[in-house]
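Q: Here is how the chains run, residue by residue.
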Amino acid sequence: GIQVEQSPPDLILQEGANSTLRCNFSDSVNNLQWFHQNPWGQLINLFYIPSGTKQNGRLSATTVATERYSLLYISSSQTTDSGVYFCAVVLTGGGNKLTFGTGTQLKVEL
Amino acid sequence: DGGITQSPKYLFRKEGQNVTLSCEQNLNHDAMYWYRQDPGQGLRLIYYSQIVNDFQKGDIAEGYSVSREKKESFPLTVTSAQKNPTAFYLCASSLVAGGRNIQYFGAGTRLSVL
Chain D
1 GIQVEQSPPD LILQEGANST LRCNFSDSVN NLQWFHQNPW GQLINLFYIP SGTKQNGRLS
61 ATTVATERYS LLYISSSQTT DSGVYFCAVV LTGGGNKLTF GTGTQLKVEL
Chain H
1 DGGITQSPKY LFRKEGQNVT LSCEQNLNHD AMYWYRQDPG QGLRLIYYSQ IVNDFQKGDI
61 AEGYSVSREK KESFPLTVTS AQKNPTAFYL CASSLVAGGR NIQYFGAGTR LSVL
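Taken in order, these protein sequences are the chains called D and H.
Each residue of the first sequence is one higher than the last, beginning at 1 in our numbering.
Each residue of the second sequence is one higher than the last, beginning at 1 in our numbering.
Please note that a few of the clues may not be correct.
Pairs of lysine-lysine residues, derived as DSS-like cross-links and limited to a Cα-Cα distance of at most 27 Å, are as follows [stated by the list, open to error]:
#1 H:K83 to H:K14
#2 D:K97 to H:K70
#3 H:K71 to H:K9
#4 H:K57 to D:K107
#5 H:K71 to D:K97
#6 H:K14 to D:K97
#7 H:K70 to D:K107
#8 H:K57 to D:K97
Chain D regions said to be covered by chain H (calculated; three or more residues, Cβ under 8 Å) [said to hold, decoys possible]:
#9 90-97
#10 100-110
Since the hints were derived computationally from the structure, they do not count as laboratory data.
Backbone N, C-alpha and C define an ideal beta-carbon position, used for all residues, glycine too.
The task is simple: from the sequences and hints, build the whole structure.
A: Take a look at the structure:
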């Protein structure tokens with residue numbers, strides 16, 4: 001099946017710092033989503049981004065489908081950004097089945 | 001309030017017992033999904049349903065069962081055959097039309113074995 005790898009697995013930042021999270025996938029996809037899982041377990045949709053670039057406030061994401069990777073940028077990080085960030089993909093021809101990466105655990109400190 | 005409601009938040013199962021987790025959505029979404037998350041891990045697909053009265057196994061369906069009698073509801077039963085049921089269970093839904101399968105998630109149910 002498709003492999004989805006995220007890096008780094010863990011990240012500690014000082015408040016105000018910027019960061020880049022990476023998602024690599026092994027096959028062609030037609031759907032890619034980024035999620036933030038907060039400390040209570042709730043999964044929050046950040047981006048639906050099978051290709052191209054999108055921005056939402058301090059967050060932006062870029063997917064280069066032909067090179068099989070996506071990047072999530074967090075600028076001016078805040079303590080509320082802490083949690084786990086997941087990317088999830090749907091294999092082209094794979095129906096609606098999302099395959100999740102193993103996540104990046106982010107901790108933002110004062 | 002629009003969204004996906006999972007209940008209960010916490011559930012305890014005794015040895016040999018079946019338990020049912022509830023998932024209801026009022027988003028008029030066609031497809032619904034159940035995922036399992038173990039500590040420090042990503043989500044794994046248990047079952048999904050793209051239309052009423054039809055559902056398919058995901059990657060880890062053994063020991064689980066589902067039904068889809070109504071569009072709004074997709075309950076998951078964790079049977080006694082599931083030997084390691086302690087996990088966080090998440091339900092999701094999505095519109096299928098238009099090729100944009102954006103999945104939205106409920107708040108989850110934490111299941112523990114007594």
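Q: For every hint, state whether the structure bears it out.
A: Against the structure, the hints:
{"no.": "1", "hint": "H:K83 to H:K14", "in the structure": "11 Å, holds"}
{"no.": "2", "hint": "D:K97 to H:K70", "in the structure": "21 Å, holds"}
{"no.": "3", "hint": "H:K71 to H:K9", "in the structure": "22 Å, holds"}
{"no.": "4", "hint": "H:K57 to D:K107", "in the structure": "35 Å, violated"}
{"no.": "5", "hint": "H:K71 to D:K97", "in the structure": "19 Å, holds"}
{"no.": "6", "hint": "H:K14 to D:K97", "in the structure": "32 Å, violated"}
{"no.": "7", "hint": "H:K70 to D:K107", "in the structure": "41 Å, violated"}
{"no.": "8", "hint": "H:K57 to D:K97", "in the structure": "11 Å, holds"}
{"no.": "9", "hint": "90-97", "in the structure": "holds (count 4)"}
{"no.": "10", "hint": "100-110", "in the structure": "holds (count 4)"}
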